[in-house]
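Quick mapping for you: the protein sequence lines, in order, are chains F and Y. Those letters in the first sequence? Residues 1 to 323, by my numbering. Those letters in the second sequence? Residues 1001 to 1535, by my numbering.
Some hints here could point you the wrong way.
Derived DEER-like restraints, expressed as beta-carbon distance ranges [claimed, not checked]:
(1) F/L185 with Y/S1475: 46 to 56 Å
(2) F/A285 with Y/E1322: 37 to 47 Å
(3) F/N80 with Y/N1386: 45 to 55 Å
(4) F/W57 with Y/Y1231: 27 to 37 Å
(5) F/E24 with Y/I1324: 46 to 56 Å
(6) F/W57 with Y/V1139: 25 to 35 Å
(7) Y/A1431 with F/W57: 33 to 43 Å
(8) F/P124 with Y/S1475: 26 to 36 Å
(9) Y/T1180 with F/K297: 30 to 40 Å
It is worth saying that the hints were derived from the structure and are not from the lab. The beta-carbon is built from N, C-alpha and C at its ideal position, and this holds for glycine as well.
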Amino acid sequence: MASVLWFQGGACSGNTMSFLNADEPNVVDLIVDFGLDLIWHPSLGLELGKNAQKLFWDCAKGDRPLDVFVFEGSVIEAPNGTGRMDMFADRPMKDWVTDLAAQAGIVVAIGDCACWGGIPAMEPNPSSSTGLQFHKRNKGGFLGPNFTSKAGLPVINIPGCPAHPDWITQILVALATGRTSDIALDELQRPETFFKTFTQTGCTRVQFYEYKQSTMSFGEGTRTGCLFYEFGCRGPMTHSPCNRILWNRQSSKTRAGQPCYGCTEPEFPHFDLAPGTLFKTQKVAGVIPKETGTGTKKLSYMAAAAAARLAAPDWSKEDMFVV
Amino acid sequence: MTSLDLHVSPLGRVEGDLDVRVTIEDGVVSSAWTEAAMFRGFEIILRGKDPQAGLIVTPRICGICGGSHLYKSAYALDTAWRTTMPDNATLVRNIAQGCETLQSIPRYYYALFAIDFTNKNYAGSPMYDEAVRRYAPYVGTSYQKGVVLSQKPVEVYAIFGGQWPHSSFMVPGGVMGAPTLSDVTRSIAILENWKDNWLESDLLGGSVDRWLENKTWSDVLAWMDESESHYNSDIGFLIRYSLDVGLDKYGKGVGNYISTGTYFDPSLYRNPTIDGRNKALIGRGGVFADGQWFEFDQANVREDVSHSFYQGSRPLHPFEGETIPIDPEKAKAQGKYSWAKSPRYEVGDLGAIPLETGPLARRMAAAAPNAAPHQDADPLFLDIYNTIGPSVMVRQLARLHEAPKYYKWVRGWLDQINLKESFYSKPTEYAEGRGFGSTEAARGSLSDWIVIEDSKIKNYQVVTPTAWNIGPRDSADVLGPMETAFVGSPIVDPEDPVELGHVARSFDSCLVCTVHAYDGKTGRELSKFVINGMV
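When you get a sec, could you build the whole thing from the sequences and use the hints?
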């Protein structure tokens, strides 16, 4: 099956940690059942034999076939374009990225940092971090807008901070079981099967959203209501399957009373975490949300909201997620 | 020193974020340098942001300890904003922090540490075949079970925090959610299942309570001989194999320790303050230096950058801390060699000294006299320290010892949650303030210092366990704790110095690290191999 080389640049290892939470398949299944040939990964034990650095060079020169190059973390270009703020195997990591991306059949960016720069690229971006093929929403990034891998594909972006393990393991299994052609990408090069839906799709609070009933407080206040109106929840504007494919098989942020931060979109962290923007819905005239659900028009939103409030049944004003 | 042949040990992975250089003379390590090789600048990013930005940003410093980052950044804000903390919120935070550590113990132990037991240098051990059967990557019986089941404790985290890693559900004044009945019962069931199917069945080969009765090293040895299942357990194997291949003989380290402590008694931390912190701790903090215990005081922490790639002329307390990076190429000319700063701690007459942090440091703090009734009082590792001395083996044993201990604590906190009571108390968001928050991540003390001015972050400094342990030399050229731990290690085969791997990994530094070994007399590079890590 596919040979995979997984490198980390300006990374926190969160995507790796998330990957290790995978089940069906878990990491052992991927290797034992699906024959995944994990050539090297920074955190996982491998029987490599001698001279692993030679292995990198073999992949980088094309002497050893590399099916999938997975990159986690931002590409660090500072200081002054030298990449010396992230050295790996005796050279700037960015130089490894250039060489390996050129040789790989498929290049996968896992997590926001690799997709679009992520938190390290927040202003003032001290490490001059960028993503593999995007910088924030602008196509380009480190490899440039026209990059395609040997298989003729652009970088496959698996965003999220971190990415859910299924978002990559199921893609790996798809590659292993002859379903590569079923993988369709959206305009941000994310697999549509995961990122067509909204974070709100499947949210347990969606009935409160429909009737415009707000959560008014954290803690026990989240036993009722929707987090969109007061707590800055980005579920209606964010594309992810967080409420279809649950986290750690158990829950999601919104189910657990936490607003969605929109971490599968290139703008995360939104508003650059400027003072007053955290956990607070940004409003016009103190009442109307500045941003409403993707595709909704402000005027029709307001009309629908007024009608929904009128229509709201009594239960929508009571606690639902009770002891 | 010149770089000559590259040798990668059979278990080595390649190189990464931490380069370790050592010189070897007459078969013994004579000096060491630890070089962190990557910089992202989180402390710079946080300046000028929303006061609560640390709740989002600092977990992303390290996805391995993301929950610990969240925990201490929330307490930094609690102290700055003088919040009121409902008992349930303290309990839920404790549970989440505890579950992250319960996840980390087996994940680290099997995926990163125990695989070295299968190194060919140990092929002469009568237990070698068994070591390979259990710990070989991906196929070892203990490896498979331990690594896969490590995901279970963080399922409990997800029930309360939505997901692991990278939740931001702890906020000043409490936690964002409020669990339902089945959230608590399912959490209990997950933990019980994990206890039955790994903790007691594989790690201990017996009951949690029986293991926790061990108070001395001779108790531990007697425990091993008490039953075949104890003897054959993974903890039993660690002890027997370590004694056989000599992991009890080296990797001593500085012998001085710091723990800032973690987990609060809800009734004692309803109004979190910096000064009230020590008394409210369940897992005690403390400094053990030169054979004496000292109360931990954040005011005594300093960061030295004399050998780090930053500008700065003198050690600073984190409230006054600076992070001004310089190009490594230019910095190297000034004798600097790492992106890590060197945390030091002022201990009376001893001055500002390097301290080891991590499970062993926590165990030393837990052995201090005068524990209050709610506090961890655990003499085991003081006895081990006094009887056989610290080593690679003892550092590992301390880590594994925490699995049954924290399991018990988390179970107890789950029982204490009062579902009908509050989980959050809305704070006043003061425009000005200073806060300090700290915790014990799986791999050691992790602390934030925040200065808020004009409703935004004026300064934010984070001191990580990895910095405590792998930080470089200070202005007095005193080696950091991991550097010190390498010195004196015997190297049986200079072409494959697995001993260095054990020392480096025993600190669980959360960095991929490369070890370069040089001949101390000729400067010839003997070998270079990689130890994989978790960043």
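These are the hints, each one checked on the structure:
1. At about 53 Å, the CB distance of F/L185 to Y/S1475 agrees with the hint of 46 to 56 Å.
2. Separated by about 42 Å at the C-beta atoms, F/A285 and Y/E1322 satisfy the suggested range of 37 to 47 Å.
3. Between F/N80 and Y/N1386 the Cβ separation comes to about 53 Å, which falls inside the hinted range of 45 to 55 Å.
4. Distance hint check for F/W57 and Y/Y1231: the Cβ-Cβ separation is about 46 Å, which falls outside the suggested range of 27 to 37 Å.
5. At about 48 Å, the beta-carbon gap between F/E24 and Y/I1324 stays in the expected band of 46 to 56 Å.
6. F/W57 and Y/V1139 have their C-beta atoms about 28 Å apart, which keeps the hinted 25 to 35 Å range intact.
7. With their beta carbons about 55 Å apart, Y/A1431 and F/W57 fall outside the hinted range of 33 to 43 Å.
8. A hinted range of 26 to 36 Å holds for the C-beta pair F/P124 and Y/S1475, which are about 29 Å apart.
9. Between Y/T1180 and F/K297 the CB atoms are about 37 Å apart, so this pair conforms to the stated range of 30 to 40 Å.
The structure is inconsistent with the numbered hints 4 and 7, although it conforms to all the rest.
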